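Student: Line by line, the protein sequences are chains A and B. Using the numbering used here, you'd call the opening residue of the first sequence number 195 and step up by one each time. Using the numbering used here, you'd call the opening residue of the second sequence number 54 and step up by one each time.
Treat the hints with care, as some may be off.
As the list claims (entries may be wrong) - Just some of the chain B residues that point at chain A, by a computed CB distance under 7 Å:
id, residue
1, Gly123
2, Ile126
3, Ser220
4, Thr248
5, Ser249
6, Leu256
7, Lys259
As the list claims (entries may be wrong) - With a Cα cut of at most 20 Å, we get these calculated EDC-like pairs of lysine to aspartate or glutamate:
id, chain 1, residue 1, chain 2, residue 2
8, B, Lys243, A, Glu277
9, B, Lys251, A, Asp271
10, B, Lys251, A, Glu460
11, B, Lys285, B, Asp376
12, B, Lys348, B, Asp145
13, B, Lys243, A, Glu460
14, B, Lys243, A, Asp271
15, B, Lys150, A, Glu277
16, B, Lys150, A, Asp486
17, B, Lys251, A, Glu277
18, B, Lys251, A, Asp486
19, B, Lys243, A, Asp273
20, B, Lys357, B, Glu154
21, B, Lys251, A, Asp273
22, B, Lys108, B, Glu84
Stated by the list, open to error - Which stretches of chain A does chain B cover? Using the computed rule of at least three CB atoms under 8 Å from a CB of chain B, they are:
id, segment
23, 273 to 280
24, 345 to 358
25, 445 to 458
26, 473 to 481
Honestly, the hints are just simulated from the structure, not real lab data. Because the structure is a prediction, the values reported are computed rather than measured. Where is the CB? At the ideal position from N, CA and C, for every residue including glycine.
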Amino acid sequence: MLKSELAGASTAERLSVPRSLVPGRRRGVWGDRLYQAAVRAAVLVFVVVVLGIAALLVYAARPALAAFGWRFLVTADWDPVAEHFGALPFVYGTLASALLGMLIAVPLGVGTAIYLAELAPFWIRPPVAFLVELLAAIPSVVYGLWGIFVLAPLLRSWVQPGLARGLGFLPLFQGTPYGVGMLAAGIILAIMVVPFIVAVSREVLLAVPTQQREAALALGATRWETTRLAVLRYARSGLLGAILLGLGRALGETMAVTMVIGNRPEIALSLFAPGYTMASVIANEFTEATSDLYLAALIEIGLLLFVVTVAVNALARLLVWSVGGAVKEVRE
Amino acid sequence: MRKLAIVLVGLAALALVVGSPLPEPPRAAAELLINGAGATFPYPIYSKWFDEYAKVQPTLRFNYQSIGSGGGIRQITERTVDFGATDGPMTDEQLAKAPGELFHIPTVLGAVVATYNLPGNPSLRLTPDILADIFLGKIEKWNASRIQAANPGVALPGDPIIVVHRSDGSGTTYIFADYLAKVSHEWEQKVGRGTSVKWPVGLGGKGNEGVAGQIKSTPGALGYVELAYAIKNQLPVGAIRNQAGQFIVPTIESTTAAAAGAARNMPADFRVSLTNASGEKAYPIASFTWLLVYKEQTDEAKGKAVVNFLYWAATDGQKYAADLLYAPLPPQIAKQVEAKVGQLSFHGKPLLVAR
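Let the hints inform the model, and build the full structure from the sequences given.
Tutor: Below is the structure:
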């Protein structure tokens, strides 16, 4: 390629072409090949790792796959003593807690990002952005402890009784207020994923060309109309990307959720009820799983978490693609 | 291009510096490394023992990975470690899978206590049937007539009992479930014993600190934690009625007493549950924790080191237990353990040096 393009350029020396691109100096060609090989190898590493993980999980889960088959996915019984294993409550708990977390985190995160990128006075932007991003640096075990000692008592004594009084006719807000449970897990997850959503969304919004805003303002749009029509529309696929990043984190988060979700493998409609997630049951029971079938069942949960994560991500990508099809991908 | 070359040369130099072997610290001649893995519960006392034993045998070093009893059993079965450690005895099925005869060597005792959060935290007395029925979900309120009958004069609130149990697989859970299975037929039928069980009621907390944290922050909560954890954090604990009909407060002494009661009928392989032990002063929810070693050792030097360490642990080592809130073996059991350690061999020859 390079060679044929430059073949005719015998006047290259006079036209101040970089010396490495002059034909005959083959070092550049070698560098190109090396570069291509290195980049390909880097990509290959990840493909191999992902496929390797999947293969290993399937291999190690064989006893459970053979013993339970499809029943593993649809039964809700988890009894290590009798060795009856069903993953449904864990799949439900993972999806429900992540969904609840995202329902809280998305408006909060995107709203904060809009404020920081569009509305806030300039001097206030760096400190607020710094504070929000600081949330990402807090270890999840600290979130968990905070959940047990601050959030759960607060929910039990104030928030849950209040919700039960006001919205108790909905099955979502019925039952004993324990404090710990699905609601606590959702709130903790929301706090944990907000910094990711804010950080990425803010970059995406800042990358929207200023002319977009100026054009909208020049047409007489208000601040809100400018943001909605000129900025958010332009940035929507990037914003969805930010939300996806948060979702991935919410699905896999283990420690903090384990500490506040109540760890009860049951499917309950109420947000006050305790639940259980796939990541939590693995973290909880893996170390003391002594029988082969028990261990295999836990590994199958790991495989399921892998599949669910891939499926949710694929679904979300599809969504991004269908929404952002007409709009060009935002580049930094 | 020149910049790239500079970076490459720099990287190469860095690789050389990082890759070059560091100067070795001076070592004692013929240092021996013994690898072990398993239970987390006895880890503090084991690491104390490794430190203290290093003063007796300076050429010996221990590497103990506290990965949990399940991992300990798997690793010793695969012979990837020199000894394993477990809080629950191996089953016959698991022993059959091991490539050689495995010995269970009791090292110290632990106990599990019932702790709670009630106004004023009164000292409670609990009978086995009350405890079982609370954890089965059959007693739901604190002022139930049976609890009140066992605690005359204590003002009990009408609040629901919020049961808190361990969510992580744990030897603590095994001991507690094993006790309930012994005192309640219904528990044995419905739930059974294991490091994780299917709890009829309650919330799960991760680790002793997770359970204690949830109990502390939830009025009306009741759960179970290790004795050592309860003593360290001065949690209110329930006195449990033992087989002899006495209400026994969990302490290090009453835990050791549980093993003393079992000494007469001790099976030769020490795979015995000490819960609901006989004896006037025995606290009923106690258990051994064990080290797992092969009877026939495959490496003479390592075998000798392990055997001598085990002997030391059963004798001189016991005095460190109480400080770390583990209950030491009663003297009768320690004697039995010494005899057992004497049976460990290499090519059929006993490894223990006569003392």
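Student: Check each numbered hint from earlier against the structure, then list the numbers of those it violates in ascending order.
Tutor: Checked against the structure, no hint fails, so every one of them is satisfied.
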